[in-house]
Each structure stands twice: as C-alpha cells, then as structure tokens.
Amino acid sequence: MAAPGQMRVVKKRRPDPRNVTHLVMLAPVLIFVLVIALAPLVFSFVISLTDYRLTDPTQARPFVGLGNYIKAFQDKTVVDTLLNTFLFVAGAVVSQVVLGLALAVLMSGETRFMRTLRSLIILPLSLPPLVVGLTWRALLNVQIGPIAFYLKQLGVDVGRGLLGETHTAMLAVLLIDLWQWTPLLMIIFLAGIKSLPGEIHEAAFVDGASRWQAFVQITLPLLMPVLFIGVLLRTMNAFKIFDVIFVTTGGGPGNATSVLNFHIYKVGLTFFDMGYAAALANILLFMIGVCCAFYILLLHRQQARAGGT
Amino acid sequence: MPARRAENAVRNIAALAVAAFFLLPMVWLFTTAFKLPRDIFNLPPVWLGFEATLDNFGFAFGQTQVMRFVLNSIIITLGTTLASIVLGTLGGYAVARSRLRFISASSYFFLVLLMVPPVAMLLPFYLLMRDFGLLGSYLAVIILDTCYNAPFVVWMMSNYFRALPTEMEEASLVDGATYMESFLRVTLPVAVPGIIASVLYCIIFSWNDFIFALLLTSPATKTVPLVILGQLSTSQSAWGSLAALSVFAVLPVLLIALVLNRYFVQGLTAGATKG
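Protein chains in written order, with the numbering used here: chain B, 85 to 393; chain D, 12 to 286.
Incorrect hints may have been included.
[As the list claims (entries may be wrong)] Derived CB-CB ranges, DEER-like:
| id | chain 1 | residue 1 | chain 2 | residue 2 | range |
| --- | --- | --- | --- | --- | --- |
| 1 | B | W296 | D | G69 | 36 to 44 Å |
| 2 | D | L145 | B | G149 | 44 to 52 Å |
| 3 | B | F170 | D | L145 | 30 to 38 Å |
| 4 | D | I207 | B | F312 | 20 to 28 Å |
| 5 | B | Q237 | D | G69 | 33 to 41 Å |
| 6 | B | I302 | D | N19 | 36 to 44 Å |
| 7 | D | L145 | B | I302 | 18 to 26 Å |
| 8 | D | Q76 | B | G373 | 40 to 48 Å |
| 9 | B | I228 | D | N19 | 35 to 43 Å |
No lab work stands behind these hints: they were computed from the structure.
Since we're looking at a predicted model, the values are computed, not measured.
Don't be surprised by glycine CBs; every beta carbon is placed ideally from N, CA and C.
With the sequences and hints as input, model every part of the structure.
Here it is, written out as structure tokens:
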C-alpha cells in the first residue's frame, strides 16, 4: 500500500493531487475577491486622473493627470483630515489595547460573578455602530442628554456638549469607539491570559518578584501574540470608522472629527467630485498599505519565530 | 486572609463600575424604547419606575413597509453569511495546509484587503453597479459585504485550521481518502466552533452594515439601520421610535451574542494561544 507521498514520486509528471485540491479550494474566494475588489480599485485609479463630476450632464471626464493628487496636498482640509485620521487611529488603538488589557487582568477571575459580568460587557460589540453613535449622541446632547445633565450637576461647563466643542469632539468620538470595541480586546486578551501556564507566576513569586514585575517581565512578553492580534484588528477597523462620525458630528465642528474615510464620502457624494474623491481614496489606501506592510513584516517574523506552519 | 478578601472586594467593585460604564448606555436605549415621550428626555433621567408603554413600537411598526425592510436585512445577512462562510472556509483550509508558497502567502493578500477602507471601494463600486444596472439590488450589497467578510473568514479559519492537529487527516489519507474527502469528513466536523465564530462575525457585520446599504440600496431594498436613521426625520416621537426600532434590530444579534459568547474568541486567537 503506497502512501500518498510515495505516489508522487512514481507519477512525477502528474501534478500533486494535494496541490490541485488546495488550488481548487482557494480559487473561488481568490477569484471572487480579485474581480470584486480589484475592479473598483483599478477603476478608482483611472477616474482619479480625471475631472469626473457626477453632476456634469455631459459626463465628460477630461484627463487631468496628477492634478487631483496635487490639489489634495495643497488642500488644507485634506491635511487636517489626514492628521485627524492618524490621531484617531493611534488614539483608538492605544487607549483600547491598554484598557482592554487592564480589564482582562481585572476580570480574569473565574467566579460566577465575574463570568456573568464578562458575558454582559461584550454586548456593545454586537450593536450596529450606527445605533451606538445615535445613542451616544442623545446621551451627550446638551439639552436632553443624561450625561451632559450629570456633568452639569457636577459643575462642569459642557458648552455645546462634548461632541459640539472643537477641542473635545475628537475625544468624544474616541470615547464612543472605545465603548464599543474595548470589550472585544478584553476577551481576546483574556483568552491569551487563560492559556498561560500558571506555574510561571508561582515561580516568579518564589523569586521574590513583585506582581507588577511579574506582569511586565513575564506575562506581557508571553501575551505578545494576542496583543498583536488586538492591535491588528483595531487598526484595520479604526481606519474604517464612518457610521459613528456620520451620525454624531458629521466631521465637525469645523473639521475637528473629519477623518479621511468620512471626508472622501463627503467629497464624492455631497460635492459629487468623483475624480477628487478617488484620488483621496488612493492616498488613504497608500497610507494604509504602508501600515499594512509594517504589520505583515511583524506578523511574518512572529510566525517564523513560532515555528512556522 | 483579610488582605485577600479586601482585594477581592475592591476587584468586584471595580468590575461592577466597569460593567456599569459598558451597560448603562444600552440600558438607556432599551428603556427609552418603552418610555412615553414626556419621560424620554425628562431631566434628571428616569432610569426606573417610569410608566412603560408599547406606543413607540406601535408607531415604529405602523410605518409603511417596516417589515419589508426587516426582510431586506435578513436576505442580505443570510446571503452574505452563506457566501462568506463557503468561500472563506474552503480558502482558509487551503491557506492553512498548502505547501505551495503562493497559496500560503495569499493570506497576506486577504489581510491587506481587510484594511481597504470601505469608501475607497464603495465609490467606484457604486459607479460600476450603476453602469451594470445593479444599483438597488440585493446582489450589489451582498457582493460588497462578502468582499469584506470572506477574507475575514479566510483569515479566521486559516488560523483555526492551523491550530488543529493533523494526525487524523493524515490517517484518513493513508486509508485512501482523497484530500477533499479528508477535509469534508475529518477536518470540517472538528472545525465547527471556528465556523460558528465566523458565522457570528459575518452576521454582526452584515446585519449592522450601514455604509454599503446607504449607497447601494434603493427605497425598496433599504435595510434596518437606514430605517432607524430615517426616524430622526419623522415626527415628534423620533427618539422613541428610533429606540424601539434599534431594540428590535439589536435584539436578535444580542441574543445570539449572549448564547454564543464563548465563540467570539475562537479563531481570532486560535494560533496565538495554546487553549
């Protein structure tokens, strides 16, 4: 009886059935995604080189070369928006990863009480971001919102509300995003903590390490793989924020919360300037591509270190 | 050990405070759905002990076609989930097991796709769908939703498959099964928790999707999130019916999330933890 491996040696000219099977399994999703994702992206590159206005009745698309890209870097709104995007992504990822880790440690107990709280805390992540945005918009509203009311009771001057003041609007959006997504990080990190062998800590305590030392020097390095997954997931999604901004601030006040994903939508579908919107989208893609390349490099090294599969 | 007990008490109180932060906004939403207009924005807020009413639900569902929009959401969610799971599970397995560099490296390609901002894809996709006359069809939304969900499933399932031991598969191959049979009969059944997790995420993403539906649906194929937003432009009872519709939209997913909550991390962390 020949094992599959030996068969391959005998029939050298036939392709390995293993590879054929894997190709057949990968082909549907790969082809689907290539067609559906790349077609719009190529199309987007083409229209970014033209002056394409949806409102133009003649639908002429004069070629303008890199005009839209040059315009983008001279456009103060775009520069602000780029800065906001970085601010939001960095702020969201850092605050949520730190808080998520803290919560995972705080709530890692296996009592019935903690387990119940944990399963309740993750509920926000199943809500539509749109509903989350609307809820917080009401909660923070100066005239009618409970949170604004309690803040006023405490003597805080809320002005036009957290979402309405230029210097707090971004913080408010970060708070809303944190509210929805920190629980996801918490459960991911919790899974990481639970998979650590308990003896490691005991050994550290025997050596006289303080709990903080034990955490930083032993637990944290072992948690790197799950921390990395958390950072990756949140970075991917933070670049995509749209719904919450759409219903809470609309990018305002001024441009205080206008992130690129939202601004592109506005340029394309409120100003109908498709060529320019496409150019902005490609700039955003490029930025994300750079982040991506960086992450993938890390991921690759990490998998190589983990023994590679 | 009194110190130990004190620490646990502090922990429990802190955990309770954290839970309050994450739950109170939802409590507000759920109670608002059952409040009379006069109580909704009463200050100080009435958290409990208000006069409960179903008027908001009556008003929300009295609007024309609401059930139609619910059906639209269901169709789009089911279509997306089914397509994403089939495409993604097959692809994920190939990525996890293949010895071909090109196949295993394609996982990075899927990861990159996940990072493409929706708007960058959506605007040109909108124009293409308009030219093909597919604007306002279920298919347009399902295709674009699947384009984001399938790569996610590939990524999750490939992590999951990688973490599974391969002895059983190899044994079935020795017994004469083809590679496809071994996948279908041996591996797939033990990968069910990972698939449940993937289904969970697909349902959440497509049921909650707002931006794709905003652009790609027509008044006849609108989904629930759009109807929720639309409440803001209705009469004085806006927030009540908005909350009522939100509760209705949230409840099925919330129940699924509660029942399946242990699956949330399956697949996401499968390669990164030993558990």
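Now for the hints, and whether the structure bears them out:
Against the hinted window of 36 to 44 Å, the Cβ-Cβ separation of W296(B) and G69(D) comes to about 56 Å, which falls outside the hint. In this structure, L145(D) and G149(B) break the distance hint of 44 to 52 Å, their C-beta atoms being roughly 31 Å apart. Between F170(B) and L145(D) the Cβ separation comes to about 36 Å, which falls inside the hinted range of 30 to 38 Å. Look at I207(D) against F312(B): about 24 Å separates their beta carbons, and that is inside 20 to 28 Å.
Taking the beta carbon of each, Q237(B) and G69(D) are about 34 Å apart, inside 33 to 41 Å as hinted. In this structure the supplied range 36 to 44 Å is violated for I302(B) paired with N19(D), their Cβ-Cβ distance being about 23 Å. Between L145(D) and I302(B) the beta carbons are some 56 Å apart, a value that contradicts the proposed interval 18 to 26 Å. In this structure the hint that Q76(D) and G373(B) lie 40 to 48 Å apart at CB holds, the actual value being about 42 Å.
A beta carbon spacing of about 40 Å between I228(B) and N19(D) agrees with the range 35 to 43 Å that was offered as a hint.
The structure fails hints 1, 2, 6, 7 (numbered hints given earlier, in ascending order).
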